[in-house]
Structure formats: structure tokens, C-alpha cells
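For reference, the chains in residue letters:
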Amino acid sequence: MQVRAVNISKRYVGIAALDDVSLTVQPGELVALLGPSGSGKTTLLRTIAGLEHPDSGTVYFNDRDLSDSRIQDRGVGFVFQHYALFKHMRVMDNIAFGLRARSKDKPKESEIKRRVLELLDLVQLSGLERRFPAQLSGGQRQRVALARALAIEPSVLLLDEPFGALDARVRKDLRRWLREIHDRTGHTTLFVTHDQEEALELADRVVVMNKGKIEQSATPDEIYDTPATPFVFSFIGESSVIPVQVGNGRATLDERLLDLDIGNLPDGPAQLYLRPEDVVMVTDGGPGIPGLVVSTRRIGGMRRVTIECGLARHRIEFDAPAEIPINNSQRLTIRVIGGRVYGAGAEGYETEKLAASATSDFKWAKAEGWLDR
Amino acid sequence: MSEAAATRQQRKVRQAIGEGPATRFVLLTIALAFLGLMLVAPLLVVFVEAFGRGLGVYFQALALPDTMAALQLTLLVAAIAVPANLVFGVAAAWLIAKFDFKGKSFLLTLIDLPFAVSPVVSGLIFVLLFGANSALGPWLEDNNIKILYAVPGIVIATIFITFPFIARELIPLMEQQGSSEEEAAVSLGASGWRTFFQVTLPNVKWGLLYGVLLCNARAMGEFGAVSVVSGHIRGVTNTLPLHIEILYNDNKAAAAFAVASLLAMLALVTLAVKTLLEARFAGEIAAQRRH
Chain A
1 MQVRAVNISK RYVGIAALDD VSLTVQPGEL VALLGPSGSG KTTLLRTIAG LEHPDSGTVY
61 FNDRDLSDSR IQDRGVGFVF QHYALFKHMR VMDNIAFGLR ARSKDKPKES EIKRRVLELL
121 DLVQLSGLER RFPAQLSGGQ RQRVALARAL AIEPSVLLLD EPFGALDARV RKDLRRWLRE
181 IHDRTGHTTL FVTHDQEEAL ELADRVVVMN KGKIEQSATP DEIYDTPATP FVFSFIGESS
241 VIPVQVGNGR ATLDERLLDL DIGNLPDGPA QLYLRPEDVV MVTDGGPGIP GLVVSTRRIG
301 GMRRVTIECG LARHRIEFDA PAEIPINNSQ RLTIRVIGGR VYGAGAEGYE TEKLAASATS
361 DFKWAKAEGW LDR
Chain B
1 MSEAAATRQQ RKVRQAIGEG PATRFVLLTI ALAFLGLMLV APLLVVFVEA FGRGLGVYFQ
61 ALALPDTMAA LQLTLLVAAI AVPANLVFGV AAAWLIAKFD FKGKSFLLTL IDLPFAVSPV
121 VSGLIFVLLF GANSALGPWL EDNNIKILYA VPGIVIATIF ITFPFIAREL IPLMEQQGSS
181 EEEAAVSLGA SGWRTFFQVT LPNVKWGLLY GVLLCNARAM GEFGAVSVVS GHIRGVTNTL
241 PLHIEILYND NKAAAAFAVA SLLAMLALVT LAVKTLLEAR FAGEIAAQRR H
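Respectively, the protein sequence lines represent chains A and B. The opening position of the first sequence corresponds to residue 1 in the working numbering, with each subsequent residue numbered one higher. The opening position of the second sequence corresponds to residue 1 in the working numbering, with each subsequent residue numbered one higher.
Just so you know, the hints here were simulated from the structure itself, not pulled from any lab data. Just to be clear, a hint being listed does not mean it is correct.
What the hints assert, rightly or not - Heads up, simulated DSS-like pairs for lysine-lysine below, C-alpha to C-alpha not over 30 Å straight-line:
1. A/Lys113 / B/Lys205
2. B/Lys98 / B/Lys205
3. A/Lys106 / A/Lys172
4. B/Lys98 / B/Lys252
5. B/Lys102 / B/Lys205
6. A/Lys211 / B/Lys98
7. B/Lys252 / B/Lys104
8. B/Lys274 / A/Lys213
9. A/Lys172 / A/Lys211
10. A/Lys213 / B/Lys205
11. B/Lys274 / B/Lys205
12. B/Lys205 / A/Lys106
13. B/Lys98 / A/Lys104
14. A/Lys211 / B/Lys102
As the list claims (entries may be wrong) - Away from chain A, derived, C-beta distances all over 10 Å, residues of chain B:
15. Gly52
16. Val57
17. Leu62
18. Ala84
19. Leu107
20. Ile125
21. Trp139
22. Glu175
23. Gln198
24. Met265
25. Val273
Even glycine gets a Cβ: it sits at the ideal position worked out from N, Cα and C.
Construct the complete structure from the given sequences, taking the supplied hints into account.
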């Protein structure tokens, strides 16, 4: 089943939760809606399900216009962040609920039982059919919720932060397992998450949302390698931002030329977005940007180094081999080998970390001798 | 860790957030003394006075025709008022907890009105509404409908007074549970009624039961509002509380206390049933809260 949301807008007390959003999910596709809280991703999912009514816009399943269709008739399997299992019913009655609620073609009780046991087997919970939800772990509950949603043979599977309430370890297991279930059942699936790692690992296609709009819709590789906007760049993965000047088709940082492809940006101020792997340390005395180490921390096999460069003390993070000793207040030289330049005016994802580091201090620069250089 | 060590650890934790033994003793004594003086002693007095002159006198007092009539009327009023408020209360709580609409807080305030207004005033409201001098009065008289100083008036006043009990019990419970189970049910294809009876109602059944018990206790015990609208016609419009007052004013203290013990026992039975149910289904209730 193909899912199409066309020009959906929705406002809550004056704030646009969805601002003219259009999205198409192809049959059998597994798509992630990714964004920070308040980006409208859950509202979009709930609108497709029929749990919310858009102020304008239309949802289609294949070519069927769902504007006047009740949620009961849409045939969506919806999985909630906090499971929403019926706590007074046993696992088997939870899963059978949708089948028993059918007004027409209601299967026989023996057929329902067979289906329930089959689904329990699919979600690897055989033997737990007589338990109550309170007697299950979080991961088990979410698997029951998925089995319950699959029981009605939905045309579309919608999951709202399905792993959000689980701890990191269970989350990773369930992620892999959901991918397997999807590959086996082939449902058109749309899930919401704020965890970029989850989105990149699980989905065929990632739709990044911000402030009620879609920033980019692409494969995980494209999202990571060629982020369309500064927001996508800074929301996906680690990033450092430094202002640069664009002129004559080249980008310069403090009048040092940077060897970067800048596309066809107009001359003037711009922003350079860097991932840790876009920066390397210069150890052979070659040209580069001098900086001062402000902190280092160990991340797996690498050492994540934060240095401050230039007059305005821009912070850049990069990874250095762990075996090279690097101390705080040490001077070193770096070279930019990658990264993306975005024109002025575009906004990135503001984390608290970025905001906290934006302190500039003239006295410091003078004491360190930056002004004399 | 051994069990003894675990207990010691627990005791330590408890002491860290509690007070010293002396303070605890004083606080406990004050609380118990207050309870004894204000609750237990009056209750004992009722029973002592009622049974003071022997069981024979006690049952004689209860068997008087007027007393039996009052008991019947009280049961009748409760049998109408409680189911009515069950429906109203569930509907109001459902509306307030599961939907957003303009004037919601106003509706909440309205539900509390019977608690805030003196019962006597509530009674007077109905006298003004249905009395001979009201706008409705002549019409009611022409059609030979008796509300005031008759059973319908008592029922209406009782419904008004006991309206908040069930709604008030359910609203916080339903609000805390949110709507996601209902959303899950409709997404699975369940109709609104099916969702209500199979999902919403089972989730609030304990709160609902408690609300019904409280509502029933008050419906049988209400004095002020009923007193205003009943007209105190012996054997016809006297409920148990009104009957107790009449007996007492007639210097029939023993009979008054005998009937009073009936009402008091009703309250005790209500509390006992509640406690029993809570103990019997403690596991299930806890499981529902935990989930």
C-alpha cells in the first residue's frame, strides 16, 4: 500500500505543527520520521493514522482519499511509545482485540486463537499468552503491542517512538528484530524517532523534520554524506560550526584559503559545518590552522579533541589517534579536509553545547598572543 | 546481602527521611487521640444509646411503621439517585478527561458546586424552581405533577447533592491514564461503544466502585437539602435522617439512636466493603497502577 500525505497543515493554538508537508511512502518501504521534539513528526504520523485531523491537506492510501474515513476503517496498525496495551486483558486477548472487534468477516474463535499463537510466535513470545501486561518487561510489552497491531493485517504499520521508553540494550535488539519482521511481512512501515542512530540504522529512507517542515528526505547514506541543510548536518551526527568568508568561488577562514567545494554560493559570509572526521591534525609541519586544545576525551579507539581556532575562538572537534598524547592548552595545527559550506541565513540545530561555547573573550586572545600574530 | 542486613539497611533509610522516636510518638499520640475523640467516641455513643435498653426495645423502635416507611423511602431514593449519578458522573468524567473543549474548567467548577454550596441552599434552589410561586409552579399544578413535598423532589435534591462523588473520583483517574488505550482500540477497528465498555470502563472500575459507594452513603445520609424539599410528612416523605430528627425532637431518644445506628451501620458496611475489595484485589489494583 502506498501512503501519500499531500500538503498537510495543522496548527495548535497558533503554532504550526505541520506547515504544508507532503510525503510519499512507497509500498513495502520502511521510512523513519526523524526530528527533535516539537518538529511535527508525531503529528504527521497521527494524521496519517487518522488520530488527528489536518486543518488542510489530504491523506491517500493508494488512490483512496481518506479525508472522510474514520480511523476504524483505515486499517492502520499503530504502535504507541508507551505500548498502550489493555492492562486488564491477557496477552492473547490484547492481540485478539482487533479480530474480535470486526463487524464483518469476524473469524471464528478457533481461527482467532490460531492467529494469536502464530503472531506470538512471530514476535518470539510463545508461551506468554496467559500473562497480563504488568507481568512483562518493557521490550516484551512492545512486542505484544506490535503483534496486536499486526493481527488486523494492517495496510500500513505506523510506530510512534516505538523504542523510546526502553533502555539502550533492549532498544538495539528490538531495532534489528523490527527490521527482520518488516523484511518478512513486507508492510509499508513508517516510524517516528528522535534518535538519529536508530533512524539511520533501521530505515530505507529517512525523513528529517524541523519546525513542521521536511528538511530532507533521502537514504541514510545521503542524509549523512550530503545533508541538504545545516539543520540536517547538525542534527545528524557530531558537528562543529565556524563562520567563513566566500569569495571568488573559494572559502576562507581568517584569510586562510580552504580547499573545499562550495558549489555556487554567493560571495559573502557563510557557515562551514564540520564532522570530526573532516578535520585532521598536521604532524609534518605543513600548512594548516593553528589552534589551542581546550579539552580531550576518549571515544572508543579514538581521542576526541576540542580546539579553539582563530580570533573568535571557534571551537572545532576532531578525532586524533589515541596513541598520540595530547594535553590541554597544547598548541597544534589542523587541516580541514571535508565539511560543507552553507550560505548565511540558514539555521542549524541549536544544541545547548553549541550555545554554551559561544563565548568570546578579548582578554584571552591578547594573553595568548593571538593579536600579535 | 542477607535478609537481616537488608532490613537494617531499610531501617536506616527510613530513619534518614523520618523524625526521631520522641517526635514520632508525640505525632502518633496526637493523631490517635484526635481520631478517638472526634470519630470513634461519637460512633460508640450511637451504638451504646441504641442498644442501652436491650435488643427488644431496639427492634421495637425499628419495627414502627413510620420507621419502616422512612427506610423504604431512603432505599428507593438511593436506588434512583445512585444509578442516575453513575450515568451522569461517568459521562461527565469521560468528557472532561478525554476531550479538549472550551469551557472545560467552567464545567469542572460546576461539578464541584454541590460540594461548595450549603445543602440547605441547594434545597431552597429547588423550592424556588418548583414552588407554587415559581415560573414552573402553576404549570406543574395544572398538570397535576407533584415535585416538592413528594418523592420526586427528594430524589432530585439527592441527585444534585451527590452528583460530584462519582465524577470527582473518575476525573483524575481518567486524566492520568490518558487516551492512548482508547486510541489503540479504535485503530484496531473497535467502535466507540466497544472501546468504552471494553477499555475505558474496566480501567476505572475500582475508582468507579469507590465513587458509587461514597455516593450511596451520602444519598442515604443526606439531611439538609432533603429536609427543605420533603415537607416532613410522616410515613410519606420522611427519609431516615429526617425521621431521626423527628424522633429526637419528640424526646424518643432511644428510638432516634436505634434508627441512627442503622445509618451508622450503613456507613460502616460501605467502608468494610471498600476495604475488603481493596484487600481482595490488591494485586490487580497495584498491577494497573504500575503499568
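Please list, smallest to largest, the hint numbers that this structure does not respect.
3, 4, 7, 8, 10 and 23
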